[in-house]
Amino acid sequence: MAVLLQQLLNGISLGSIYALLALGYTMVYGIINLINFAHGDVYMIGAYIGFIATALLGLGFIPALLLSMAISALLGMAIEKVAYRPLRNSSRIALLITAIGMSLLLEYTTMYIAGPDTRSFPTVLTNRQYSFMSGQVNISSMQLYILVISIMLMILLQFIVQRTKIGKAMRAVSMDKDAAQLMGINVDTTISATFAIGSALAGAAGILVGIYYNSIDPLMGITPGLKAFIAAVFGGIGSIPGAMVGGLLLGMIETLVSGYLNSNYRDAVAFVILIIILLIKPSGLLGKNTGEKV
Amino acid sequence: MGILTGRRRFNLICQHKCGVSLYMDVVSAGVARGVEGKVIVPYIEAAYAASIHIQPLVCPSSFLKFPFDKALAHCYSISMHEQSTNVFRKGWCFILKRLFILLMAIMLLIPLAAGCGTDTSTTGSSGGDTIKVGLNYELSNDLAQYGQASVEGIELAVEEINKAGGVLGKEIELIKQDNKSDPAEATNVATKLAKDKVVAILGPATSGNVKAVRPVVTENKIPLISGSATADDVTVTENGVAEYIFRTCFNDSFQGGSMAKFAVDELNAKTAVMYVETTSDYSKGLAASFKDVFTSNGGQILAEEYYQGKDKDFRSVLTKLKGYNADVIYVPGYYNEVGLIIKQAREMGITAPILGGDGFDSNVVPQEAGAAALTDVYFTNHYSADDTDQKVVDFRKAFNAKYNKDPNAFHASGYDEMYFLADAIKRANSTDPVKIKDALASTKDFKAVTGTLSIDENHNPVKSVVIVQWKGDKQEFVTRIEP
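So the sequence lines, in the order shown, correspond to chains A and B. Its first residue numbered -1, the first sequence is counted upward by one per residue in my numbering. Its first residue numbered 3, the second sequence is counted upward by one per residue in my numbering.
Everything labelled a hint here was simulated from the structure, so no lab data went into it. Even for Gly, the Cβ is constructed at its ideal location relative to N, Cα and C. Be careful, since some hints might not be right.
Said to hold, decoys possible - Which bits of chain B does chain A cover? Going by a derived footprint, with three or more residues having C-beta under 8 Å, they are:
id : region
1  : 159 to 165
2  : 295 to 309
3  : 314 to 326
4  : 334 to 347
What the hints assert, rightly or not - So these bits of chain A aren't anywhere near chain B, every CB distance computed over 12 Å:
id : residue
5  : T162
6  : V207
7  : L272
8  : L276
What the hints assert, rightly or not - Computed spacing ranges between beta-carbons, pair by pair:
id : chain 1 : residue 1 : chain 2 : residue 2 : range
9  : A       : N260      : B       : P217      : 30 to 40 Å
10 : A       : L123      : B       : A107      : 52 to 62 Å
11 : B       : N460      : A       : S89       : 31 to 41 Å
12 : B       : L101      : A       : L277      : 51 to 61 Å
13 : B       : T377      : A       : G56       : 23 to 33 Å
14 : B       : A290      : A       : A68       : 49 to 59 Å
15 : B       : N460      : A       : V80       : 54 to 64 Å
16 : A       : D174      : B       : G325      : 52 to 62 Å
17 : A       : D186      : B       : P217      : 47 to 57 Å
18 : B       : N402      : A       : L154      : 21 to 31 Å
19 : B       : G474      : A       : L154      : 22 to 32 Å
20 : A       : L154      : B       : D198      : 54 to 64 Å
21 : B       : T454      : A       : I273      : 50 to 60 Å
Full structure from sequences and hints, please.
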């Protein structure tokens, strides 16, 4: 029982990071039908900005988090403006390839500037351990931070999308871009804002991971990026609650498989479960079943 | 593209039935300004190709898509005028564009030409006044620490050798290549080095990469020396010993076995769990030999779990391993993951000693794990900087003078590789790779920084292993285990 509880805790803290990343994928896909492969690298840049802010500028955790989110947001907007906007009306494969190119560009530029080595964060948060059930269940303050910050950001995102003008514009553009434009919505600004919000979330995930695992490198975005993309598909790509559920579930499944089955087959079993779910419900857990628009 | 190719601009006027005109600015060659243009261009293109001027014409509504169908479906006429200024502009654009392309081409060609020049000059000098040695190392990506350290050691050795008059009266010239920690890239690098006519190749640092390179060097008959590829099957294949592969480090059976002996004798361990990197030959080899020796000495392996390279979260498996309450945990892995595993294990309240192999030897381990987590962490290594052997002290001093830091085992093994090769070239009295290979195979009692070594029939050096402990962010020499 205690072990199960511990494993669930492990799963939730891993899953909330996947969820934060998956949100960016799902938002961008929802609005321009693009799988933004550079998203995982924005997360990496977020971690590096956090590293610069804490190790070189000596900022505290919260200022570093905000700085990292702000710069990631700007980076997201810049990527959209430079790489995706000029191609918005070209074929989807061209956009996809541009996204992969952008991802490689970010990785290797960072590698060129910061070097290929793994770097460690300075201690910005005192990491306390809280034990329950006579030491069998441990939770660290860092895990709690990750959980609280992710939940707060997700609530904030839900608020922005559902209750604000720009959120309404996003929903309109994702429904029908041309019609939204006819209604006087500035599509360019709206898409820019979507990239900014998604990238800010990725930046936040980056710095959280950097501090939690205490290890960042220029290629750190690849695997979590793929996992988060899968989480987004799993939850139903284009659906914001779907990305949260998908991320958390993927984290839990991975943890439980390596905790209770064979750790050698972690990814294999996790993905078999995903494939089964997608076979039963092709649009993902919370995805809407939409026919092709005519 | 037909008649509309080239960068010409047109004003397009659509006149609606009710008298409203829609003006559009269309750039030809299929690129249109505004959404309107996108819809109209193919149509105009076709019409233009046919008859230049389009007189009263009704747009077929099926052709136009929402939302412009409503606006344009009842178009009355479409006419098109080429912007007159463009003829002039096109001329300039044309010239500027061609100039730009020409400039780019020249800029691309200059380094190429220069590259060709230097290439021929170096190949020209082969067999001349230098002995060329190829370096095929992990200088970037995840194993960069090993490769960079080895190369630093090699460069120090070359500097010393050349200062002392070189080998056979010739200076050593290094040709340094990065294999990006990738087996496929390592193979490409080896092929390239073979073309450069090197007498021997040093590196790669890791077993997987050496094995990938093995067929290339065997085919080209160039001896390869690795200072840290410890997997058993690096020098021995199914067809017997790999003729051209040598190493200056002990192999994994010896390394894993020594750690098992240390765990049983010194730590009084009865039970152990293993946490192995699933895709690494090195990790699996160490685990297998640890298991053999540990169980044959009366110990018991309670569980064997796996992680993947680049994983960051190990908590779920560590939670499981914690439940076994084993005396020791054996984690034969590389520094990036090992630092995180130690940190997370200690955070979760696992206090059992954590044991490992030479992959623990990197400053990344204390950086990631934090000094507080490094208690009871032991690993087998090639060398310890605390060793008081004269050879080690001298090496340390020279290294300090050149790089202003203390050398680790990879620095030492790189340094040894170069001297090991230089020794063989001297004894062979030739720079013929095949003769060098024979000399390497017959090495006896060669005094290296990492211990005195002789090469056995399987191309493995017979030498001692050192047990080192991470204590906070410092390494401490614990004991030396003889073969």
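**OP:** Take the C-beta atom of N402(B) and the C-beta atom of L154(A), compute their distance, and say whether it sits inside 21 to 31 Å.
**Re:** With a Cβ separation near 53 Å, N402(B) and L154(A) fall outside 21 to 31 Å, so the hint is violated.
Subject >> G474(B) versus L154(A) beta-carbon gap, inside 22 to 32 Å or not >> reply: This hint is violated: roughly 41 Å between Cβ atoms.
Original post:
In terms of Cβ atoms, is chain B entirely out of 12 Å range of V207(A)?
Top reply: At about 7 Å from chain B, V207(A) fails to clear the 12 Å cut-off, so the statement is violated.
Original post:
At the C-beta level, are N460(B) and V80(A) separated by a distance inside 54 to 64 Å?
Top reply: 57 Å, holds
Original post:
With d taken as the least Cβ-Cβ distance between L276(A) and chain B, does d exceed 12 Å?
Top reply: 23 Å, holds
Subject >> Whether chain A covers the region 334 to 347 of chain B (at least 3 residues having a Cβ closer than 8 Å to its Cβ atoms) >> reply: holds (count 4)
Original post:
With d taken as the least Cβ-Cβ distance between T162(A) and chain B, does d exceed 12 Å?
Top reply: Per Cβ check, T162(A) is outside 12 Å of chain B; nearest 26 Å; holds.
Original post:
Between T377(B) and G56(A), does the C-beta distance stay in 23 to 33 Å?
Top reply: 29 Å, holds
Subject >> Least C-beta distance between L272(A) and chain B, which was stated to exceed 12 Å >> reply: 17 Å, holds
**OP:** Mind taking a look at whether chain A covers the region 159 to 165 of chain B? Criterion is 3 or more residues with CB to CB distance under 8 Å.
**Re:** violated (count 0)
**OP:** Could you tell me whether the CB distance from L154(A) to D198(B) stays inside 54 to 64 Å?
**Re:** 58 Å, holds
Subject >> 52 to 62 Å as the expected CB spacing between G325(B) and D174(A), which holds or is violated >> reply: Cβ of D174(A) to Cβ of G325(B): about 55 Å, so the range 52 to 62 Å holds.
Of the numbered hints listed earlier, those contradicted by the structure are 1, 6, 11, 18, 19.
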